[in-house]
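**Student:** Chain by chain, the residues run as shown.
4 protein chains.
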Amino acid sequence: MIIVMSKKATEENINAVTNRLEHDGFSTHIIRGVEKIVIGAIGDKKAISSMGLELMAGVENIVPIMKPYKLVSREVKSEDSVIDIDGVKIGGDNFIVIAGPCAVESRDQLLTAAEGVKEAGAHILRGGAFKPRTSPYSFQGLEEKGLEILAEARDLTGLKIVTEIIDAYSLDMSLAYVDLIQIGARNMQNFHLLRQAGKSGKPVILKRGLSATIEEWLMAAEYIMSEGNYNVILCERGIRTFETATRNTLDISAVPLIKGLSHLPIIIDPSHATGDWHLVTPLAKAALAVGANGIMVEVHPNPLQAMCDGPQSLSLKKFSLLMEELKPLSQLLKKIV
Amino acid sequence: MIIVMSKKATEENINAVTNRLEHDGFSTHIIRGVEKIVIGAIGDKKAISSMGLELMAGVENIVPIMKPYKLVSREVKSEDSVIDIDGVKIGGDNFIVIAGPCAVESRDQLLTAAEGVKEAGAHILRGGAFKPRTSPYSFQGLEEKGLEILAEARDLTGLKIVTEIIDAYSLDMSLAYVDLIQIGARNMQNFHLLRQAGKSGKPVILKRGLSATIEEWLMAAEYIMSEGNYNVILCERGIRTFETATRNTLDISAVPLIKGLSHLPIIIDPSHATGDWHLVTPLAKAALAVGANGIMVEVHPNPLQAMCDGPQSLSLKKFSLLMEELKPLSQLLKKIV
Amino acid sequence: MIIVMSKKATEENINAVTNRLEHDGFSTHIIRGVEKIVIGAIGDKKAISSMGLELMAGVENIVPIMKPYKLVSREVKSEDSVIDIDGVKIGGDNFIVIAGPCAVESRDQLLTAAEGVKEAGAHILRGGAFKPRTSPYSFQGLEEKGLEILAEARDLTGLKIVTEIIDAYSLDMSLAYVDLIQIGARNMQNFHLLRQAGKSGKPVILKRGLSATIEEWLMAAEYIMSEGNYNVILCERGIRTFETATRNTLDISAVPLIKGLSHLPIIIDPSHATGDWHLVTPLAKAALAVGANGIMVEVHPNPLQAMCDGPQSLSLKKFSLLMEELKPLSQLLKKIV
Amino acid sequence: MIIVMSKKATEENINAVTNRLEHDGFSTHIIRGVEKIVIGAIGDKKAISSMGLELMAGVENIVPIMKPYKLVSREVKSEDSVIDIDGVKIGGDNFIVIAGPCAVESRDQLLTAAEGVKEAGAHILRGGAFKPRTSPYSFQGLEEKGLEILAEARDLTGLKIVTEIIDAYSLDMSLAYVDLIQIGARNMQNFHLLRQAGKSGKPVILKRGLSATIEEWLMAAEYIMSEGNYNVILCERGIRTFETATRNTLDISAVPLIKGLSHLPIIIDPSHATGDWHLVTPLAKAALAVGANGIMVEVHPNPLQAMCDGPQSLSLKKFSLLMEELKPLSQLLKKIV
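Chains as they are written, first to last, in the working numbering: chain A, 1 to 337; chain B, 1 to 337; chain C, 1 to 337; chain D, 1 to 337.
No lab work stands behind these hints, which were simulated from the structure alone.
Keep in mind that the hints are not guaranteed to be accurate.
[To be verified] Calculated lysine to any residue pairs in the SDA-like style (CA-CA distance at most 20 Å, straight line):
no.	chain 1	residue 1	chain 2	residue 2
1	D	7	A	84
2	B	77	C	305
3	C	335	A	79
4	C	7	D	263
5	A	8	D	199
6	D	199	C	138
7	A	67	D	70
8	C	318	C	177
9	B	8	A	317
10	B	8	C	30
11	A	77	A	58
12	A	317	A	92
13	C	7	B	42
14	D	7	A	75
15	D	8	A	317
16	D	36	A	75
17	D	335	D	92
18	A	67	B	244
19	B	335	D	92
20	A	70	C	118
21	A	118	A	327
22	C	118	C	34
23	D	36	A	76
24	C	70	B	60
25	C	334	A	329
26	B	70	C	34
27	D	70	C	138
28	B	67	C	119
29	B	8	B	70
30	B	199	B	172
31	A	327	A	291
32	C	36	B	215
33	A	7	D	70
34	A	317	A	291
Quick caveat, the model's predicted, so the values are computed rather than measured.
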C-alpha cells in the first residue's frame, strides 16, 4: 500500500501515519519526492480497509498495490480451470453451447426446445423456473413444476440442465434437479446467495452485474470459491451504458482481459447483451473468435409466442443455422464444439 | 401502444398485425404517413409484453404509451404521501434526518453515536447489523447482537431505528427490533425480497440501484406496494458513471423528477453518493434546497477507527455543525426539520 | 410523430394541439384509449423540432417516428457502399487493415513502420501529424513535416496513407498529401469540421465519439454526406463506461447494428478501444468474425520508445503474427484481406 | 511515480526498470513487500508519459503520484480566483446569473429577452450566434448578425454578453463584440480551439464535456491558462449516463469537489443538465446551496416558439419567479446575487 501525503503535510503528519502503520504491524518506507512525499507500507493487506488512513491529517490518497482477490487469480493458479459436468467440459479448449428458452412455459414448449437444440448440437439446456421480472405484474415462473420439466428434458435428450436461482428457496429446490445453477446479473452482489451457492458445491454460472466492474465480478466469484466451491463459470452478458440502441453493451474485451487475470472459464450471452436476435449470430461468432469458452443463447420454438424475451430469442431453425456457422470456425480455431 | 411499421411493410404485414391485436382484444387504428405507417392499439396493456409483436414481419418498433407502474404514480394519487413512524413524519413539508454509523460495531460505539446524533437533532438512527460487503474477507456485521444494541439505543434516546436487510433471514430477524427496514442498492431488484418487505408491512427505505433507471426504481417500489405496504421511502444514493473522482455520481435531478412522477417521499444519502465526508455538508444543503424530504448521513464517533466507510463518515462534531447549517435554511424553505 | 396527451388533458388542450399541428401543415389523427389520448401527426418532420409542442398544456410526451438521418440510411440505399481508394476497396466483402504508429515521430521511425506493416500485409498506413493531446505539455505532432514523411512512405511502399485532421488548418494542409482523412472521437460533433471534411471530397474515416450514441454518430456522418461527400467509413473505437480495467469499452455490437441501419462501411480500432496491446489480437479476430469491414491498429517499431500510446501499440513482429492469424479466418469467412 | 512489479518479476527485470529510470534522470527507491515489489521514482513528471515503462518485462502497473495539472490547481494558488468583467465579479462570494435564449433568433426576440432578464436581476446575457446542432438540417445561427444584436442588447441594458464560439472563425468574429466567450461541451477537448481561446485573452466559460472526467476538464482549463489567459470559469452542465429520463445527469458533487482541487470559479447550467424547464428552479436553488458561483439559465420570451431548446427554456415570468426564490436564499448563504 502506498500513502501519498499532500504537499502541505508536516513532519508531524508523516510521523503520525508511520506510527499508526507500525502500530498495526506494517513496516514503512518514506520516499521524499520533489513535490510530494509517499509512504510505502508493507504487511498484511486485510487489516487496512478499516484503518481510516484517508482521514489522517496530511494524507492525500491511498493507493492499494495488491489485488483484492486470491482464489480466482491466475497468480495463484496459472493453468486454465476446466469444469467437468459429468463429461461435459467447460474451460480450456472447449467451446460450450448452452441454449434454451428464457422461461420454462410448458412441458410441450420445453421438450420441443430441448430436442431442437440437442439436434443442432447444444450441450446444455437452459430454462428459467424462477423469473426475476422488473414488473410485479409479469409472469414469475413455474417453480418446481418447471424444474420437473427440465429434468424430464435431460432424461429425454442427455443434455445437462441449468436454471437461475434467485434466493435460498429456489436454490434449495433446484439442487435436486439441475446440473448447474445460474446466478443472474441482478444477484451478482447478493453476497448471502453467493455464499450459499458456494456451500452447495454445485457448478455455478455467475453472470456479470449490470454495472459491475471486472474487479467486483471477480470478487463475487471469490465469495463462491471462498466456500470451497471451485466450479465457477463467468458469463459476460452486457453492461449498462448510455447507448439505448441495444438493451446492453456487450463488453467483449472482458474475455481476453479475464483470461489474463483469472483461470476461470468465461462464456458470452449474446441474447441478453443485445436484446435483439438479429445480433446474436454475429456476436456468437465474435465470441468464438475472441477466445470465449462458450455461449449461452436464448432459443424458443416459437419466439412470437414467448412469455418473455421473445425479441432476443432465436427460433430452432435460426439456432441450427448458427451452429452450422460456428462449426468450421471452431475447427479452424481448434476449439472443440 | 403504437406499432411503427417499416417502410417496406406490405398490406399483408399490416393485416397480420391488426388481426393479431384484435384477436388479443385490442381495437386498432391505422395512420398512414408519408413514409411510415403506424398502428395505434387500444386495450389492456398487461397482455402486451408477451405478444412478440416486434418479431412480426414489417414491424419496425413498438412504442409503449402507458407507464408500467400504477400504485407509485402521482396520476393515481395526486397528494404527497406522508409516512408516520409513530409520530416521526416522512414526506410533505418535513425534512427528516437519519444518521448513524455504517455498521453497528459495539454497544459503546453505537450508544455514543446515538446520543450524539440525537443531541444534534437527528430523528432516526441508522446502523448496519447485516453488511453486504464486496469482499468475503471483510467484516460482515454483528447480526442479532447488532439489532439488540440498536433497540437499546432507541430506548435510551427515543430515536427511531432503521437497519438494512439483505435476505429473508435478516428480514425476519429485524422485524421485531426496528422501526423501518432498508433495502440497499444491490438488492433493489431482488424481487423476492421486495415482495417479502411488502408483506412485512414495515416501512421501507428503498435505495436506488447502482445503475437503475428512475423507471426501474419506481417499479421496485411498485413491487413492495403491490403487496399492500404503502410505506415506501425512496433514497437516492448516487449512480455509477464513468467519473471516478467520487465513489458514485449523486443524481440530484431525481428529486424534482420523482416529485412529478410519484407521491412517495424521496431522501438523499450524500455519504454513499460521494464516498467523501468533505462533500457531505454541501450536498446535504443542496438536498434541502432541491426539495428532498430528508437525508441519510453516515456519522461515527471515531471515523478513523470505523470498520467500514470511515472516509465518508462525519464525526459527531462535524455532524452537529451540519445540523446547525441546515437549520436556518430549513426555516427559510419552510421545511420542518 | 405521435403526441401523447396526459390523463388530465382537456378537450380544449387537445384542440389546441391539433390546431397548432394543422396550422403548420400536418394532418392529425386522434386515438382515444382507455386512459390516454394520442394524436398522430402526418407531415414534414423537419418543421417539428422548433414547434415546442412539449410545452403545450396537456402534452405528456412526443414520440418521433422517423429516423433523423437520410443519406446514411439503408432505407435510402439498400446495397453496401464500397469506397474505392485508387484500387483499395473498403466495404462489402473486403477486410481492410490500417496500421501504423500513433504519431509520426521521425522519418526513420515512420519508414521502418511503413515497410514492416506493408510486408505483413496492411493496406493503409496511419500516422498522426497533428495530435490532440489531453495535456498541453505533451508532444503535439510534427505537422507538415509529418505529412511529408507520410507521403514519402507511400511512395516507398505503395500503401495508402491516412492522418487525423483536427481543424480547418490541419485539414487544408493535409489534403495535398493524404489519401484519406480521419476525424477523431473528440471531434465527432465538431460540426463545422464535419462540413469542411464533406466539402473537401476526400474519403473520411469518422471515429465514434467517446460517449456518442449510434444515432448521433450516424448524424455526424450525415453532416459529411450532406455536403456531397459519400465516402465515409465509420470506425468504432470504444465508448466511455464505468469500467476502468480497459481504457474504453469496445461496443462490438455496433457492427451488426450499423450494418442493419446504414450502407456505410464500418471498421474497428482495437488499440484505442482497450489501451492494451495484449487485447488487440483477440479483438481483431472478433472484428473479422462479427462482420466488420476492417481494423485500424497501432503499430510501432519500438513501442517502448513510442512518444504516445506505447502500451497499446503492437511491435512489427506482433503485428505480423496478428496478420498470420487473420488470414485463414478471413478465407473461411470469405472476406478479402 | 510508483512502478508496481508483478509477482513473477526477476531481479533482472527490476534492474532494467531502475536503470531505465535512472538513465532518464530519476532517482529510485525499491520497496520489497511480502508479495510484490514496488519502485518509487523521483524526478520530473513530464518525461514519463513517453517512457513506455508499462511495456517492460515484469512491470504490472504504473501509479502516477502527481496531478497532471498545475495552473488550475489550488495547490499552486490557494485563494479563490475572482474574475472581474468590468465590474461584474465571478468567483468568491458572488453568485452570478447568466440568462438568455439558446439562440439569437431575431432582434425583437433578443431585446425582449434582454430587457426581461435584466429586470429580473440577471448579470450577463447569453445568446447563441453560432449553433452546433446534431442535425445538419437544423437552424445553425445568425452568425455576425446575431453578434450585432447581442451588442445592441448590451448597450440597451448594461448586461455583459456571452456567446458560444465553435471554431477559429467564430472566435475571431466574436472577439470584437462579446465580453466573454463560451466553449461548449462538444468542444471541451478541441485543443486547438482551447489554445486560441487562451491566446485571445477574453474571459472563457468552459463547459464540461458530455463524458469528461473532472481531471480532463481541469486539463482543458489548463490548456487555456497555459497560454496566459487566467480568466476561466468552469460550467457543469450534466454528464452522459444510462439515465434517459433527463437529457443528462447533473453532477452537482463536482462543485465542492472542484472547489477543493482548483481556485477557479464554477457555475451550473441546470437547463442543459436536464432538458426540462420543470427541473430548472429546484436545481438553481441546489446550485446556490451547494456553493456554486452562479448559474446559466435558458430563458426565452416565448418558449413555445423557440427555434431550439424550447422545452428547457423558462419564460420571462418563470425566470422572474426563480430570481425571487433565489434572493432570500442568497442572503442567508451570504452570497451576493
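**Student:** Hints first: check each against the structure and report whether it holds.
**Tutor:** Against the structure, the hints come out as follows:
no.: 1; hint: 7(D) - 84(A); result: 30 Å, violated
no.: 2; hint: 77(B) - 305(C); result: 66 Å, violated
no.: 3; hint: 335(C) - 79(A); result: 34 Å, violated
no.: 4; hint: 7(C) - 263(D); result: 49 Å, violated
no.: 5; hint: 8(A) - 199(D); result: 33 Å, violated
no.: 6; hint: 199(D) - 138(C); result: 18 Å, holds
no.: 7; hint: 67(A) - 70(D); result: 31 Å, violated
no.: 8; hint: 318(C) - 177(C); result: 29 Å, violated
no.: 9; hint: 8(B) - 317(A); result: 24 Å, violated
no.: 10; hint: 8(B) - 30(C); result: 25 Å, violated
no.: 11; hint: 77(A) - 58(A); result: 40 Å, violated
no.: 12; hint: 317(A) - 92(A); result: 29 Å, violated
no.: 13; hint: 7(C) - 42(B); result: 15 Å, holds
no.: 14; hint: 7(D) - 75(A); result: 8 Å, holds
no.: 15; hint: 8(D) - 317(A); result: 50 Å, violated
no.: 16; hint: 36(D) - 75(A); result: 12 Å, holds
no.: 17; hint: 335(D) - 92(D); result: 9 Å, holds
no.: 18; hint: 67(A) - 244(B); result: 18 Å, holds
no.: 19; hint: 335(B) - 92(D); result: 28 Å, violated
no.: 20; hint: 70(A) - 118(C); result: 44 Å, violated
no.: 21; hint: 118(A) - 327(A); result: 15 Å, holds
no.: 22; hint: 118(C) - 34(C); result: 67 Å, violated
no.: 23; hint: 36(D) - 76(A); result: 14 Å, holds
no.: 24; hint: 70(C) - 60(B); result: 16 Å, holds
no.: 25; hint: 334(C) - 329(A); result: 12 Å, holds
no.: 26; hint: 70(B) - 34(C); result: 14 Å, holds
no.: 27; hint: 70(D) - 138(C); result: 14 Å, holds
no.: 28; hint: 67(B) - 119(C); result: 60 Å, violated
no.: 29; hint: 8(B) - 70(B); result: 37 Å, violated
no.: 30; hint: 199(B) - 172(B); result: 11 Å, holds
no.: 31; hint: 327(A) - 291(A); result: 15 Å, holds
no.: 32; hint: 36(C) - 215(B); result: 19 Å, holds
no.: 33; hint: 7(A) - 70(D); result: 13 Å, holds
no.: 34; hint: 317(A) - 291(A); result: 26 Å, violated
Hints 1, 2, 3, 4, 5, 7, 8, 9, 10, 11, 12, 15, 19, 20, 22, 28, 29 and 34 from the earlier list are contradicted by this structure; the remaining hints agree with it.
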